[in-house]
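Colleague: Following the hints, put chain H in place on chain U, whose structure we already have.
2 protein chains.
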Amino acid sequence: MRFSLLIGVFLVLINSLLAQTQDELVIKEIFDNVLESQVAYENLRILCDKAPGRLLGTEEAAWAVDFMKAYFEELGADTVFLQAFSTPAWIHHSSRVSMMAEGEEIELSADALGPSPSTPTNGLKAHVIEVQGLEELKELGEDAVMGKLVFFNRAVDLKHVNTFRVYTSAIDQRYHGPRVAAELGAVGALIRSVGTRVDDYPHTGSTGFKEKRIPCAALSTIAANQLSEALKKNQSIEVSMFIDSEDLEKITTYNLIADLKGYEKPDEYLVVGGHIDAWFNSPGAHDDGVGCVQSADVMRIFKELQLKNKRSIRIIMFMDEELFQSGGNAYADYCEANGIVNYCALEADAGGFTPEGFSIDAPDSIFQILQSYHELLEPYNIRYIKKGGSGVDIYPLKKLGVPLMGYRTDSQRYMDVHHSAYDTFDKIHIRELQLGSGNMAALIYLIDEHGF
Amino acid sequence: MRFSLLIGVFLVLINSLLAQTQDELVIKEIFDNVLESQVAYENLRILCDKAPGRLLGTEEAAWAVDFMKAYFEELGADTVFLQAFSTPAWIHHSSRVSMMAEGEEIELSADALGPSPSTPTNGLKAHVIEVQGLEELKELGEDAVMGKLVFFNRAVDLKHVNTFRVYTSAIDQRYHGPRVAAELGAVGALIRSVGTRVDDYPHTGSTGFKEKRIPCAALSTIAANQLSEALKKNQSIEVSMFIDSEDLEKITTYNLIADLKGYEKPDEYLVVGGHIDAWFNSPGAHDDGVGCVQSADVMRIFKELQLKNKRSIRIIMFMDEELFQSGGNAYADYCEANGIVNYCALEADAGGFTPEGFSIDAPDSIFQILQSYHELLEPYNIRYIKKGGSGVDIYPLKKLGVPLMGYRTDSQRYMDVHHSAYDTFDKIHIRELQLGSGNMAALIYLIDEHGF
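These protein sequence lines are chains U and H, in that order.
Count the first sequence with the working numbering and you get residues 189 to 640, in order.
Count the second sequence with the working numbering and you get residues 189 to 640, in order.
Excised from the complex, chain U in its bound form:
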């Protein structure tokens, strides 16, 4: 009896060691493959080149979906389909801001925020109130604001190490500023771009209107400095603003879904995705073309290495993360309506820089299993697997009880490019991208292999 117990313990031990070794071998194979593959990188080059500004409802967005669809078909996905849904859309045609200073009209580098309404056809012209934030504006009150253009010019706080925190330090101006200005009677709003550089690239983004909307735009940090300097010299200068945009009440658009069928539990989906849309002013290389091609690369890796997956791997190119988050919501609704089981969901939407970790939004028991994989992924630059948010597109799956995961990267360069024309393909480093695909594939492999 005691001998057989010993044997039992021994076998369990051997088994666990073998599993560990097997995992290490597979993960090594994944990285050997990915570090020599140019596929994801070259797909991204095409995406940025052929479909910049692929915002919801644009031809570029449709082109991007078609391109990735053809890629999944060529790759030999078992199923590739467009999940259609209806949503309002907002189309940007053009933005222009200038100031009259010392008798000269000076162009200020600017891009409309989404969904800014159009100005009158001839633009609008108004005096400007510069404020350093929402509180200051509220204190000024209606009398001071009525009929004016409000200029939110508080700079980001660069002292945070993580640039998402730098971003958060000033994002209230972009998200809430135009709404509050509108409520106080302003005719328009300008915000200082929320980014880490002083340069001439405006960083756009979404703004949260309620009932009343006013034309609004982001100025580049250089333009914001120019305007602020001009106002110091002469408070009564006027700024002209022209925005041509279009509200579409309802369009039909798509999430692109590609499945690699599982051999044991084909009806359970391991979701991996990024968002295919990008702001009108941007090639969307880091945000989020890279997340799309890395997600697609997870399928390529499983196919090329013939890693047999028990559950189905589902790669999703989500539409419309940027404006109304309609794609993520539509996918969750579709799953709920059709009883589709998502075993877990992983989103890559933090740029294609050197891997940093995974952040997990899941019950403790699952979190602990995921965290136990840290050691296996550490040699591939994963610093942490910790609790935290996942991604905007997969977040609606939370209410269906799906464990959520976000791929995180080194943030230092992200807010240089975010939502701007500076987010170009040449900012992508092939090895940094490849390490991302590899870690995402490795994590999906481990989850599929060992389950929760």
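Where hints are given, some of them may not hold.
One copy or two, it doesn't matter: identical chains are merged, so the pair holds either way.
Computed list of lysine-lysine pairs in DSSO-like fashion (alpha-carbon distance at most 30 Å, straight line) [what the hints assert, rightly or not]:
1) K449 x K347
2) K347 x K216
3) K496 x K575
4) K336 x K398
5) K575 x K216
6) K498 x K347
7) K574 x K586
8) K574 x K347
9) K347 x K615
10) K449 x K498
11) K574 x K453
12) K238 x K615
13) K574 x K216
14) K575 x K453
15) K326 x K347
16) K498 x K575
17) K400 x K326
18) K216 x K449
19) K257 x K216
20) K496 x K347
The hints are simulated quantities; they were obtained by calculation from the structure and are not laboratory data.
Note that this is a predicted model, so its numbers are computed, not measured.
Modeller: This is chain H only, laid out in the frame that chain U set:
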């Protein structure tokens, strides 16, 4: 008695908590300063712009030393001096390689290795043997090699995650190839550049001759591919090589040393440094202009924040890391001869990318103290403090028993730029650089504060 013991324990505890909090506060202050400072970044811009190719013995090297000397004086260092020493030097004037293929002379992008001898004034022209490494060459033997130009064309192994390992996978060809080829009677040697990209930038570097030297150069990876393709079509094509270089038997040159005097133990030096020289073909932004300006920034931070240092902080701009390592050796000799006590030494020579950690070459007891600082530095992107090498310039201090430390950064982009014209200032990211200065200053602060 028991009560006083309790009080004692309580006081020790409070003390240790206060020390921890105090450290955290100082480190926060350091990063608050450095993340808003442009000084190191702007110094580096000037260094790369005004003194590219600042190899030992050049005017550019002298200019760089003068520039940093003036900076330390302006900063208010207590002592700034040039530590003179004599060394042989090697000066590169020009390199040119071309092949005759299909009746055409095709230029191949190339830079001489150091210290390659000159070719005859009219260059040399020879048939080429392509090999994939030293073993293959040795097997071919003298009969096959005599009178030929040996072309080492094994590519790096991209499958390593750390690019220093990618580098190591092919560096034997550059370091030993020309010597072995010379010993077998070759008239010259070409090596495939040791880097992570396929591009047209040659990556030079030092090669280890013994008695016999032959002209040798690195081809860009594109040029290496061109030559290899041409040889596949026609084994008997000839390659022309022209190198104009100069051996100087003995020159006088300098390490630049700037001290910030300690208030308690001024004769114990906390050494922080990088190397001021850079290859003739390169602006030397990441290698190692950035290490120089980050080291200098440690002094700026101590001065600006008025962090009182017990021991003297000694910033060294080492001359000649690249060719003969004469500066590092000269400093160690100078310390030995003059009984100078270096309490520890930290080198930054791994590029100015996002911080990764510190690697420590010191006795266990000291290593453990250093490792205990990991937690304090982790919020600032330090992933590890682990055992390992330090830096080429401070290594000679090891025999004097000095604890050595190397600052490490994310390696993904380093071997793209290393020893090439691609190592330009625009490859430097200000925040990544700033986090390096901050972590170096924080580590020096902790060592000075708590001692070993």
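Colleague: A separate judgement is required for each hint: does it hold in the structure or not?
Modeller: Results of checking the hints against the structure:
no. : hint        : in the structure
1   : K449 x K347 : between (47 Å within a copy, 29 Å between copies)
2   : K347 x K216 : between (38 Å within a copy, 9 Å between copies)
3   : K496 x K575 : within (29 Å within a copy, 39 Å between copies)
4   : K336 x K398 : within (19 Å within a copy, 78 Å between copies)
5   : K575 x K216 : both (26 Å within a copy, 24 Å between copies)
6   : K498 x K347 : between (46 Å within a copy, 28 Å between copies)
7   : K574 x K586 : within (17 Å within a copy, 39 Å between copies)
8   : K574 x K347 : both (23 Å within a copy, 27 Å between copies)
9   : K347 x K615 : both (23 Å within a copy, 22 Å between copies)
10  : K449 x K498 : within (8 Å within a copy, 66 Å between copies)
11  : K574 x K453 : within (28 Å within a copy, 44 Å between copies)
12  : K238 x K615 : both (17 Å within a copy, 26 Å between copies)
13  : K574 x K216 : both (23 Å within a copy, 23 Å between copies)
14  : K575 x K453 : within (27 Å within a copy, 46 Å between copies)
15  : K326 x K347 : within (27 Å within a copy, 57 Å between copies)
16  : K498 x K575 : within (26 Å within a copy, 41 Å between copies)
17  : K400 x K326 : within (17 Å within a copy, 80 Å between copies)
18  : K216 x K449 : within (24 Å within a copy, 51 Å between copies)
19  : K257 x K216 : within (29 Å within a copy, 49 Å between copies)
20  : K496 x K347 : between (47 Å within a copy, 23 Å between copies)
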